[in-house]
Amino acid sequence: MSYKKLLQELSPQELAESFVFPVKLSAKQQKAADLLLTEARQKVREKMTDTEKLTGRLMGLKFRMEDYFRADKPNSEYSFGLNYIQTISSLLNIGLGLFKRTVKEPCY
Amino acid sequence: MAKASISPLEDTDFKQITKKRYFFDWKKEKVAAELFKLTLQGESEILGLLALTDFPGEFRMQIHLLCVSRDNQGKGKKYDGIAGSLIAFAARTATVKDFDQACISLLPKTELRAHYKSKYGMMDGGPQLFHEGARLQAIIKKYLP
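Sequences listed follow chains A and B, in order. By the count of my numbering, the first sequence reaches residue 108 at its end, each step adding exactly one. By the count of my numbering, the second sequence reaches residue 1145 at its end, each step adding exactly one.
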């Protein structure tokens, strides 16, 4: 069934809750679209807080562990040792930063 | 609330994937994308399908195609939140691969753009919409608690 026919059956809101349609772009349009996406992502990344970054790392590690333990066979692509150390290291750095800020403030 | 399960599509699943219920030729999509299905836990009936394309150099996964089964669309639908769960699963898959740098994107039809933004909190990235950082984390927490 074509997209136009579906628009007669469902509202745009109902369609957005039911589909992501394939959209084709020319090579030139795709290149321009990718560039704009990269720029928009860069702006989001610049504003990302340490907490957001750490949450992303912890979620990634948690999901990897969930998938690893659910799987029938071990997956050698996952290296928890390194991920764990990097995540804990970030957590300690953020914690240390908070501690430094706390002790610098005068307390009466 | 019904418990759902999302897993990779298997060759045997194509027997139940008809164009009448799932609208597209999903076998074709298998060539260029990873395919996933949403079912109720312990049941085989597919309620939604997702085609994901990986862009590893960009730390990004693109939702190329998504479809909720015909009887779960519009006013007479049996279950709600199928598309949201599949989008959240895409976000989870990206997070597993790229941690805090993860991003998902989709290229919307013009008429649907505002609805993806209001319903799923997606952000403008030129013609494409995307999730990254706090919003990516939020959609995972909302639909895959």
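Hints were generated in silico from the structure; no laboratory data involved. Cβ atoms here follow ideal geometry from the backbone N, Cα and C, with glycine treated the same way. Mixed in with the good hints there might be a few duds.
[To be verified] DSS-like mimics (lysine-lysine), calculated; alpha carbons at most 30 Å apart, straight line:
no.: 1; chain 1: A; residue 1: Lys24; chain 2: B; residue 2: Lys1097
no.: 2; chain 1: B; residue 1: Lys1119; chain 2: A; residue 2: Lys62
no.: 3; chain 1: B; residue 1: Lys1019; chain 2: A; residue 2: Lys5
no.: 4; chain 1: B; residue 1: Lys1142; chain 2: A; residue 2: Lys47
no.: 5; chain 1: A; residue 1: Lys31; chain 2: A; residue 2: Lys43
[Stated by the list, open to error] Some but not every residue of chain B turned toward chain A, in silico, with C-beta under 7 Å:
no.: 6; residue: Ile1063
no.: 7; residue: Leu1066
no.: 8; residue: Ala1083
no.: 9; residue: Arg1092
Hints and how they fare:
1. The hinted pair formed by Lys24 of chain A and Lys1097 of chain B meets the criterion: a straight-line CA distance of about 26 Å does not exceed 30 Å.
2. Proposed proximity of Lys1119 of chain B and Lys62 of chain A is supported: the alpha carbons are some 26 Å apart, at most 30 Å.
3. With a CA separation close to 14 Å, the supplied pair Lys1019 of chain B and Lys5 of chain A stays within the 30 Å bound.
4. At most 30 Å may separate the alpha-carbon atoms for a hinted pair to count; Lys1142 of chain B and Lys47 of chain A meet this at roughly 22 Å.
5. For a cut-off of 30 Å, the pair hint linking Lys31 of chain A to Lys43 of chain A stands: about 19 Å separates their Cα positions.
6. Interface hint status for Ile1063 of chain B: upheld, as the beta-carbon distance to the closest one in chain A is roughly 5 Å, under 7 Å.
7. With a least beta-carbon distance of about 4 Å to chain A, the hint placing Leu1066 of chain B at the interface is held under the 7 Å criterion.
8. Against a cut-off of 7 Å between C-beta atoms, the interface hint on Ala1083 of chain B holds, since the closest Cβ of chain A lies about 5 Å away.
9. A hinted interface residue such as Arg1092 of chain B counts as satisfied when its beta carbon comes closer than 7 Å to some beta carbon of chain A; here the least separation is about 6 Å, so the hint holds.
Of the numbered hints listed earlier, not one is contradicted by the structure.
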